[in-house]
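Construct the complete structure from the given sequences, taking the supplied hints into account.
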Amino acid sequence: DSGVTQTPKHLITATGQRVTLRCSPRSGDLSVYWYQQSLDQGLQFLIQYYNGEERAKGNILERFSAQQFPDLHSELNLSSLELGDSALYFCASSVGDSPSTDTQYFGPGTRLTVL
Amino acid sequence: DAKTTQPPSMDCAEGRAANLPCNHSTISGNEYVYWYRQIHSQGPQYIIHGLKNNETNEMASLIITEDRKSSTLILPHATLRDTAVYYCIVRVGRASGTYKYIFGTGTRLKVLA
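Protein chains in written order, with the working numbering: chain A, 11 to 125; chain B, 2 to 114.
Hints listed in this document are in silico derivations from the structure and should not be mistaken for laboratory results.
It is possible that part of the hints are untrue.
[Stated by the list, open to error] List time: in silico BS3-like cross-link candidates among lysine-lysine, alpha-carbon distance up to 25 Å: (1) K70/B to K4/B; (2) K101/B to K67/A; (3) K70/B to K53/B; (4) K111/B to K67/A.
[Unchecked claim] So these bits of chain B aren't anywhere near chain A, every CB distance computed over 12 Å: (5) Q46; (6) I64; (7) R69; (8) H78; (9) T80; (10) G94; (11) A114.
[As the list claims (entries may be wrong)] Pulled from the structure, derived: some chain B residues nowhere near chain A, Cβ distances all over 12 Å: (12) E32; (13) G51; (14) D68.
Source: prediction; values computed, not measured.
Each residue gets a CB set at the ideal place from its N, CA and C atoms; glycine is no exception.
Okay, here's the thing in C-alpha cells:
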C-alpha cells in the first residue's frame, strides 16, 4: 500500500458525460501527479501540482482539467467524454518537485469505461 | 523534447542479472533519467533515478553513459517477482521553469524459473 488513495476504483459512464476522479496524497506529500494509461498508448503524464500550484504539464487535453485543494487532495475532471478516454487513471504523490524529492508513489488507479 | 527508446521485451533467467537498456539520445544536460516498473495493472513503483553519475540502491543500479545518450538499469539477481514492465523516463525542463515527464514505451521483462 503506497498511502495514496484514489476514488472511485471503477467508473462507467456514457459519451458526452463529465466525471471527477479524486486523489488523496500520502501524508506529508505536497506534489500530486496525474497519469493516463490506455491500452494502445501506455503511460502518459498529464499534469502535476505542487502545494496547489500547477508545476508540470504533459499532453493533457483541453477537455480535462485538474486542481489541488488547500488540504492537498486533487481532482481530475474529464468532460465531453469520448470512447477513447476509456483508460486507467493513476494519481501519484511525492514530497516535493525537485529531482531530490520527486520520487513518486502511485495509487491503485481509477478504471474509467466510457460506453 | 527528449524521447526514450526501449526494447519491447526481454527474458532473464532467475538469479541472473537483468540489464535493461534505454536510449535517450536527445537528452539535455540537466534532465534526469528515472526508472519505474509496473506489475500487471498496479500503480508503477519507483526504482532509481540519476543525472550523470552511476547510482545504486537496494533495488538496482543505474549506469548512465558518459555522453548521457543512453542508460542501463541493472537488477543484479532477478527473481520471479521482478517480472514487470520497466519504464525509462526523462524529466524534461522547459524555458518557463516548468517541466514534464516523458515515458518510454516500456520493456516487458519476464524472469524465467
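Evaluation of the provided hints:
1. Annotation: proposed proximity of K70/B to K4/B holds, straight-line Cα distance about 10 Å (limit 25 Å).
2. Our distance criterion of 25 Å between C-alpha atoms is met by K101/B and K67/A, whose separation comes to about 6 Å.
3. Between K70/B and K53/B, the direct Cα distance comes to roughly 10 Å. Compliance with the 25 Å bound is thereby established for this hinted pair.
4. Straight-line distance between C-alpha atoms of K111/B and K67/A comes to about 33 Å, which puts the hinted pair past the 25 Å bound.
5. With 12 Å as the threshold on Cβ separation, the claim that Q46/B sits away from chain A is violated: the shortest Cβ distance comes to roughly 7 Å.
6. With a cut of 12 Å on Cβ distances, I64/B stays outside the contact zone with chain A, its closest approach being about 18 Å.
7. The beta carbon of R69/B sits about 14 Å from the closest Cβ of chain A, which is more than 12 Å, so the claim that it is off the interface holds.
8. At roughly 23 Å from the closest C-beta of chain A, the C-beta of H78/B stays outside 12 Å, upholding its exclusion from the interface.
9. No beta-carbon of chain A comes within 12 Å of the beta-carbon of T80/B; the shortest separation is about 21 Å.
10. Chain A draws G94/B into its interface by the beta-carbon criterion, the shortest separation being 10 Å against a cut-off of 12 Å.
11. At the 12 Å boundary, the C-beta of A114/B stays outside the reach of chain A, the nearest C-beta of that chain being 28 Å off.
12. Consistency note on E32/B: stated as away from chain A, yet its beta-carbon is not over 12 Å from all of that chain's, at 9 Å minimum.
13. At roughly 9 Å, the least C-beta separation between G51/B and chain A is not larger than 12 Å, which violates its mark as non-interface.
14. The claim that D68/B is not at the interface with chain A holds, since no C-beta of that chain comes within 12 Å of its own (minimum 20 Å).
Of the hints listed earlier, those the structure fails to meet are numbers 4, 5, 10, 12, 13, in rising order.
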